[in-house]
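**Q** With the sequences and hints as input, model every part of the structure.
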Amino acid sequence: MSRQILIAQAKGNIQYQFYSTSMLYPAYYNNYRGSEIIKNVKLSVYGIVAIIFIGQEQIHYDSGPLNTRNYKVSALFHHLCRQDIQEVEEIRRIIWSEYSDWCKNSYGNPFSQKANQLLRRDLSIKKFRLKSDNEVSKNNER
Numbered sequence: 000m001s002r003q004i005l006i007a008q009a010k011g012n013i014q015y016q017f018y019s020t021s022m023l024y025p026a027y028y029n030n031y032r033g034s035e036i037i038k039n040v041k042l043s044v045y046g047i048v049a050i051i052f053i054g055q056e057q058i059h060y061d062s063g064p065l066n067t068r069n070y071k072v073s074a075l076f077h078h079l080c081r082q083d084i085q086e087v088e089e090i091r092r093i094i095w096s097e098y099s100d101w102c103k104n105s106y107g108n109p110f111s112q113k114a115n116q117l118l119r120r121d122l123s124i125k126k127f128r129l130k131s132d133n134e135v136s137k138n139n140e141r
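Mapping of the sequence shown onto the numbering used here: residues 0 to 141, in sequence order.
Hints listed in this document are in silico derivations from the structure and should not be mistaken for laboratory results.
Careful, some of the hints might be misleading.
As the list claims (entries may be wrong) - Beta-carbon label-pair distances, calculated as ranges:
{"id": "1", "residue 1": "N30", "residue 2": "A7", "range": "40 to 46 Å"}
{"id": "2", "residue 1": "L122", "residue 2": "E86", "range": "45 to 51 Å"}
{"id": "3", "residue 1": "I37", "residue 2": "K103", "range": "21 to 27 Å"}
{"id": "4", "residue 1": "Y106", "residue 2": "Q82", "range": "28 to 34 Å"}
{"id": "5", "residue 1": "N12", "residue 2": "K38", "range": "43 to 49 Å"}
{"id": "6", "residue 1": "S99", "residue 2": "I124", "range": "33 to 39 Å"}
{"id": "7", "residue 1": "S1", "residue 2": "E89", "range": "25 to 31 Å"}
{"id": "8", "residue 1": "K103", "residue 2": "P25", "range": "17 to 23 Å"}
Unchecked claim - In silico SDA-like links for lysine to any residue, alpha-carbon gap of 20 Å or less:
{"id": "9", "residue 1": "K10", "residue 2": "K41"}
{"id": "10", "residue 1": "K41", "residue 2": "N69"}
{"id": "11", "residue 1": "K38", "residue 2": "Y98"}
{"id": "12", "residue 1": "K10", "residue 2": "Q85"}
{"id": "13", "residue 1": "K103", "residue 2": "R91"}
{"id": "14", "residue 1": "K71", "residue 2": "R2"}
Cβ coordinates follow ideal geometry from the N, Cα and C atoms, glycine included.
**A** Structure, rendered in structure tokens:
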């Protein structure tokens with residue numbers, strides 16, 4: 000999927016990029032009446048790229064998709080930009096310690112909750128449309 004760079008900032012010999020992309024993620028719904036639905040939903044996810052310039056060389060570190068919540072990744076991005084970091088290992092340590100905190104929820108990752116919410120919303124919209132169509136057809140019969 001294509002990336003859209005939202006913000007790019009340089010600090011010394013490091014350039015940070017905050018980006019948005021979309022990905023498919025499996026969502027799960029169970030209404031506890033015997034209906035289980037597993038469907039891939041499209042999520043907008045956010046990540047950070049750090050590019051370290053060393054003479055003629057460039058080291059690219061891409062965190063990959065970190066979270067579906069823009070404000071969380073944005074706060075991490077600005078935290079990294081304020082630091083005086085010169086090594087990839089330090090950047091990775093900061094990013095993955097924050098990511099591991101985001102994974103401490105009942106789902107075990109930062110994507111499942113949003114994916115399940117989107118699936119439930121899609122199902123309720125479809126259910127509402129079916130009800131509306133049934134009511135319209137009943138009114139037309141009268």
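**Q** If a hint holds in the structure, say so; if it doesn't, say that too.
**A** Taking the hints in turn, this is what the structure says about them:
1. In this structure the supplied range 40 to 46 Å holds for N30 paired with A7, their Cβ-Cβ distance being about 44 Å.
2. For the hinted restraint 45 to 51 Å between L122 and E86, the CB-CB distance of approximately 47 Å keeps it satisfied.
3. For I37 and K103, the Cβ-Cβ distance of about 24 Å falls inside the hinted range of 21 to 27 Å, so the restraint holds.
4. Taking the beta carbon of each, Y106 and Q82 are about 29 Å apart, inside 28 to 34 Å as hinted.
5. Separated by about 45 Å at the C-beta atoms, N12 and K38 satisfy the suggested range of 43 to 49 Å.
6. Look at S99 against I124: about 34 Å separates their beta carbons, and that is inside 33 to 39 Å.
7. Evaluation of the 25 to 31 Å hint for S1 and E89 yields a pass: the beta carbon distance comes to about 29 Å.
8. For the pair K103 and P25, the supplied restraint of 17 to 23 Å holds, since their beta-carbon distance comes to about 21 Å.
9. Distance hint between K10 and K41 is unfulfilled; the C-alpha atoms sit about 33 Å from each other, more than 20 Å.
10. A threshold of 20 Å between alpha carbons decides the hint, and for K41 with N69 the separation of about 15 Å falls inside it, so the pair holds.
11. The suggested pairing of K38 with Y98 is violated, with an alpha-carbon distance near 25 Å, which exceeds 20 Å.
12. Note on K10 and Q85: the hinted pairing holds, with a Cα-Cα distance of about 10 Å set against a maximum of 20 Å.
13. About 19 Å separates the Cα atoms of K103 and R91, which keeps this hinted pair within 20 Å; it holds.
14. Using a Cα cut-off of 20 Å, the hinted pair K71 and R2 holds, with the two alpha carbons roughly 18 Å apart.
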